[in-house]
Structures are given as structure tokens and as C-alpha cells.
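Student: Heads up: the sequence shown begins at 2 in my numbering, then just goes up one per residue.
No wet-lab data here; the hints were simulated from the structure.
Treat the hints loosely; a few may be bogus.
Simulated crosslink set (DSBU-like; lysine-lysine; CA at most 30 Å straight-line) [claimed, not checked]:
(1) Lys-29 with Lys-3
(2) Lys-29 with Lys-43
(3) Lys-44 with Lys-120
(4) Lys-79 with Lys-43
(5) Lys-133 with Lys-47
(6) Lys-79 with Lys-44
Being a predicted model, the structure only gives us computed values, none of them experimental.
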Amino acid sequence: MKQLILMRHAKSDWQSGAANDFERPLNKRGRRAAAEMGALLKKRPKPPDRVICSPALRARQTVERVFLQTGWRLDRLKFDESLYLASLGDLIALCGEQARECDTLMLMGHNPGLEDLLKYLCGSESIRRTKKGKVFTTANIATVALGPSGVARGGEGQLLELVRPR
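Full structure from sequences and hints, please.
Tutor: Pasting the structure below:
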């Protein structure tokens, strides 16, 4: 069975003085959460075949901390501009492009796209919400089982795990 791992970038620093949204860095809490989630990913039996990450600074800083913690080979990592501000349709297309080449694909990006993809694949009712009613908060990791083809079809994903940083 094919798997899709979704990870949202960690908490960013809105007060950083960054010139634009694309260059907003992680804050202290975000740096800590990214490392924590990397340590959790390290415990998995095998790494994803490919990790595709948004090139926005906060996503790059998150993925760097994940790779430092996991020790994954850098040749698994690819930056793709389409992940920045990606729509549900963009993400479905990206998953489709990777389905033949990867048994396990990890996408590192942003909301609302990642949350929309998670809800599309698994259905909103199967996803545990935070106390504030949120679904896919910063540094969250969702692992979704897809069918044997690996094609991202609505309602056909099985949510295996949704992990939030402490």
C-alpha cells in the first residue's frame, strides 16, 4: 500500500520584520517543534522515498531540522515552487505525478492546501481536531494510506496517524 506523509511547516515568526510572507522564518517554538517532529520521524522503519518541500523560508527551515534529526539522505529532498500557496488541485496533481515513482511520498508545505488535501483524502469527520477546533496546525504530521496505485482520490485515503508537537 502506498503512503502519503503531509507535514505543515512549523510555527513562524510574524514579528520577524521579513520583507514578505515567503521570507518569514521560524520562531523559537517552531524551531523546537520541527526538531521534535524530526525525532519522531526518525523512529519510523523507513524514510520516505521522496520529500517535496515548499521553498518558502519557514518550510525550508522546518525540513532542514527534520533532515538533521532523521539523518535522511539529501538526495530524497526536492524543493518545488508549486507547493507555496498550492491549491487542492495542485496537490492532487503533484501526488499523481509522483505515484509511479514513490511508495512513500512526503509533502512539506502550507495551509490551506495541505489541510484541504487531508480532508479530501480522508474526510473531515475522521480527523481529530484540536481543542480550538483546528485540524492541521503548524508542524503537524499526517500519514495517509492510499490505494495500491497511489492515486490521491477523494474519500479513499485512510488516516493512519495525525501527530502534533507537544
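Student: Now look at each hint and say whether the structure bears it out.
Tutor: Against the structure, the hints:
1. Lys-29 with Lys-3: Roughly 34 Å separates the two Cα atoms, so the pair is violated.
2. Lys-29 with Lys-43: 21 Å, holds
3. Lys-44 with Lys-120: Satisfied, since the Cα-Cα distance of roughly 26 Å is no more than 30 Å.
4. Lys-79 with Lys-43: 19 Å, holds
5. Lys-133 with Lys-47: At roughly 33 Å apart (the allowed maximum being 30 Å), Lys-47 and Lys-133 break the hint.
6. Lys-79 with Lys-44: 22 Å, holds
In summary, the structure is inconsistent with hints 1 and 5 from the numbered list given earlier, while agreeing with the others.
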